[in-house]
Amino acid sequence: MPVSIETQKVTKYFGGLTAVNEVDLIVPENSISSIIGPNGAGKTTLFNCISGFYTPNKGKIFFQGHEIQNSSTEIVAKLGIARTYQNIRLFANMTAIENILVGHHPRLTVGWMDAVIHTKRFRKEEKDSIEEGRRLLKFVGLEGLGDNLARNLPYGAQRRLEIARALANHPALLLLDEPTAGMNPQETDQMTRFIRNLKDELGITILLIEHDMRVVMGISDQITVLDYGMKIAEGNAKAIQSNSKVIEAYLGPGGLALSEKFRHKKTKTL
Amino acid sequence: MTTSGKKSKTTYTRPATSKIIQLVVGVIVSLWLFWRVYQVVIIQQAFTPETWVRLGMSGLIIGGMYALIAIGYTLVYGILFMINFAHGEVMMIGAFGGYFVLEALNAVYIPGSDQALVNAYPVVSIILAFILGMTVAAASGYFLEKLAYRPLRNAPRLVPLISAIGASIFLQNASQLLFGPRRRDYANPEVLSRGSGWVIQIGDSQVMFTYTGMLSIALSAALMIGLYLLVQRTKLGKAMRAVAQDKKTAALMGIDVNDVISKTFIISGALAGAAGVMWGIHNGVINYFTGFLPGIKAFTAAVLGGIGSIPGAMLGGFFLGIIESIGPAALGIDFQLKDVIAFSILVLVLIFRPSGILGEALSEEKL
Amino acid sequence: MAEFIKNRVNRGIVFAIVIIFLELIGFTVTVTIMIGKFADVRRATDPIFLMIFFAILGLWNGTCGKDLPQKTIRNFILGGFISGLVTGILVGITAFILGYLNIQGVDLRQYLVQLSSFTIELFLYNLTPPAGAFAHILIFTISGLLGGLLSYVSEKGHYFKFLKEKTTDFFQTVTNHPLIQQIWGKRYTRYILYTLGIAALILLPQQIGSYWNFILGTVGIYILLGLGLNLIVGLSGQLVLGYVAFFAIGAYTFALLSAPKPYDINMNFWLALGFGILAATLTGVLLGLPILNLRGDYLAIVTLAFGEIIRNLIRSDLLTPYTLGPRGVREIAEPTLFGRSFSSEVDYMYIIILTVFLLIFITDRIQNSRVGRAWLAIKDDQTVAQANGVNTFKYKLLALALGAAFAGLAGGVFAARNQFTGPEDHTLMVSINVLCLVIVGGMGSIPGIILGAFVLKGIPEMLRDFEIYRMLFFGVLLIIMMIVRPEGLWPAKRPVLEKRKSAPGGDMDEKAGKTIEGVQDAG
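Protein chains in written order, with our numbering: chain A, 1 to 270; chain B, 271 to 637; chain C, 638 to 1160.
Since the hints were made in silico from the structure, they are not lab data.
As the structure is a prediction and not an experimental result, all values here were calculated from the model.
Hints may contain errors.
Claimed, not checked - Pairwise CB distance ranges, derived in the manner of DEER restraints:
(1) A/Ala181 with B/Leu500: 39 to 49 Å
(2) B/Gly326 with C/Phe979: 36 to 46 Å
(3) A/Ala181 with C/Ile650: 28 to 38 Å
(4) B/Thr519 with C/Ser791: 43 to 53 Å
(5) C/Val922 with A/Gly16: 39 to 49 Å
(6) B/Gly296 with A/Lys124: 28 to 38 Å
Every residue gets a Cβ at the ideal spot worked out from N, C-alpha and C, and that includes glycine.
Please work from the sequences and hints to get the whole structure.
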């Protein structure tokens, strides 16, 4: 099975705090993998290592066979990894479609001189780019809102715009950092279906950080659990749900006993 | 704004070639500097020891003034993340405050004698000059914040900067219109006239440690110590540090953020005012333009030391003062180029140590 | 109610401070003379005019509006009265003190240079101090009262609202009139306007005379500088405070290559200009390489330092043999076109106009492309921009290089027009002026920059009567602009891309400087 991302003993510390501690992770291509764990477990830090914001202190990261742990975010983006952020980070003063066009940047080639004299290549790329932008707007359900400033869009729309911007990169791997944060159950369902769609229709590998267990359990092919920077469990939904270490990590010691009480309630699968 | 230096982190990497070029250039420049200084100091023995002492003292004196002003910049930056472009003008206002006090005391004579008050009671006169100078400067700082900065508290960074520039232009021109473009002489008490001081034998000749200079250094040091204690030991200081770290949380903890900010401006204004009066007493002449260049230099000193860091500002101020004084001589370059040297050193330091000497004290960028 | 009274008292105090300040700087005298000039030259200094000036201010002082507890006529009048009274008392006391000192023979001009006897006497309406003070109280109180009444009347009769509505209605009916719409939509209308505009630009410089040509030429140069700095600050978000350095290098390279002294190279105008631009661009790149990754404020300071270094070096004794030091470079080459000298002041205007259009064209084209969007992304959020594949270093350097090139061009043209360039042409104030005009005009907005240049350079040049007060009001204007309209006079508008029907790369209405937003091609 071809591998999208492989991390080998990735470690990252800040001063005395080890945020990510020798994490091994293998994400198969064309899958949806989730990383879960209590707050502060190191999930976003791991994301940041993969996407190039941080360079891990130890360990290696491979993307489709290339070593990327020392690469900058720009190179990682060019290689085909795109991401969204826990707190939405759009380009607030640009319109929605412009945000998407920036996402498309690494797939284009024209420079300033092409722009000034409007070469044929420029005109074609511009046209195609805008078409792509319109397409993506429609795909994420923001058709017609493309000319609004990103900061004026409602929260849910902003989240979807961030994903559209990431998709403009034509990524092979999409990192989603808490995509359903702040959403009500209906929006969450929509988002979950959308994410599954991305994998099914576009063949993108998806790596997800999530807190909403219905989402995680519902669409993940593989779940990795981190706690205090270390991987404590990995497997499919069923395996994780009954893993004692995982339960204790979330509920604390004695959590196992607590969960026994609720074990008979079924979790909804999507 | 903290009193310890922490390394800041850049989240973007420079291309490798650029780093190599930088290293090469850095080595070349350092070698040239060392060679030059070696030439001048050791080989040519161009200047006698007492010249170095004299220049050094001069550097400390002006450095102290720069440091006081630089602290003001750094305090404001630490709290509001804005460059208070008008801070140099606040110093100028303080200088004028002291000027008018001394003028007044110089004009009033003890009844029945021909001794002016300023000479009869020199100590009191000087103290009054400083008090008034610092007070008007502090008040200027307060109103500056209230009128030109507070309305822009939530604006993007460039907006308060332009407002600050506007305030600076306004204050300079107001001073020019009110008091005229002519330079004004400070009426020092006779005991403290410029150029008089202790003469000390060093090496073959004598060096003069001027009274005005010593006063400046002593007062600068005292104010800096006082400020340090204020920021570290008092409740207000703690509040200032809290607001500098995180305004919203400080507000949630019950700190009146606006009040703390006002007080910060008052304190930074007072320090600049003291520097202004010192400048007047030591250098003797002031006019509306007096604050401009020291303001810019003090700002560069604050950045040099690491903007947001109080010890950094102090260090940067003294460092700049000394470089300005000793630099031209040590490098065998015309004294006329002292500004060039000072600014060049600044540029070089920032290139090789982007967050300043002590490092900028800002928190990591959260993603 | 107590709150209301306190507010009105505060207002009175504020007005009093402002008026006393204006008095101390001699502004009131200047205004009095101006008003007198409008009326009757002989009586130019009659205190009546001062009274009129103060009365107008007093009216403003008395206006009330939102701070009223209840909108009764009594409250309006009371509010005006209180403010007026407070102002009157404070101003009166000040006038009294000044008058008294003046009578005693104290020459206040030693300390407050504008306070000649004449000024002080005028301040007292040429009356004795007590009478003058009382007059102040009377004038301010009465005008305050009237001001309050005036706001009541306009509030009650909704005069302001009424006026505003009527004017907007009028504009609406005109612009929406079907005939107008039809004409505007037709293609050829635009072309007619373009031709008219171009004709104006060709004919005007010949008509308006040296003085105006000079001023507008200077405005044009500042537009060039503004466009250049806009690329750096307005589009890619890098705060650069030493922009004048590139201007200087462009000007000096051009001048030194084409002037007889000191090198006697006497290069052709156009070639030297090219070298000037090249030198400036190269400087931009070399400067940028090590410093581009500095955080915002550090970058600002380093560029400021660099600008000062350049100016000081040019001026220094050390380099005077090479740069001609403080005396500057003269007799620079003049432009020639097809062998004929093209150097009259009108020709220079044409050159400036053409370069302005050229740079506007380049800026607009780059702005509406991948490069422009990359810049804006860097400005909004550099880290995320990079994470989206934007090579931030390269693009920031590009902005800096292009901005420097624009400045170099401006420098050359400036030096040629003045037939001189010296270190005092390249001070920090130039950098600051350009920065202000970009931000006050509207960052990233081409029409904004043009407007900014006119407002911040053109208007002060025209207010020669108020020469010594220009900068003072400039400073105040900056502060007020930032508080009232920080986005600029003509903020940039994001282009319409999703719904646009025309071809990508867009049309541009150069005269109005707007990007055409979704205008349906009716033709």
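Checked hints:
Hint check: A/Ala181 to B/Leu500, Cβ distance near 42 Å, so the stated range 39 to 49 Å holds. Restraint check, B/Gly326 to C/Phe979: a C-beta distance of roughly 58 Å breaks the suggested window 36 to 46 Å. For A/Ala181 and C/Ile650, the Cβ-Cβ distance of about 51 Å falls outside the hinted range of 28 to 38 Å, so the restraint is violated. The beta-carbon spacing between B/Thr519 and C/Ser791, approximately 46 Å, falls within the hinted interval of 43 to 53 Å.
Checked against the hint of 39 to 49 Å, the C-beta distance between C/Val922 and A/Gly16 comes to roughly 42 Å, which is consistent with it. Taken as a hint, the range 28 to 38 Å is violated for the pair B/Gly296 and A/Lys124, whose Cβ atoms sit roughly 45 Å apart.
Hint compliance for this structure: hints 2, 3 and 6 are broken, all remaining hints hold.
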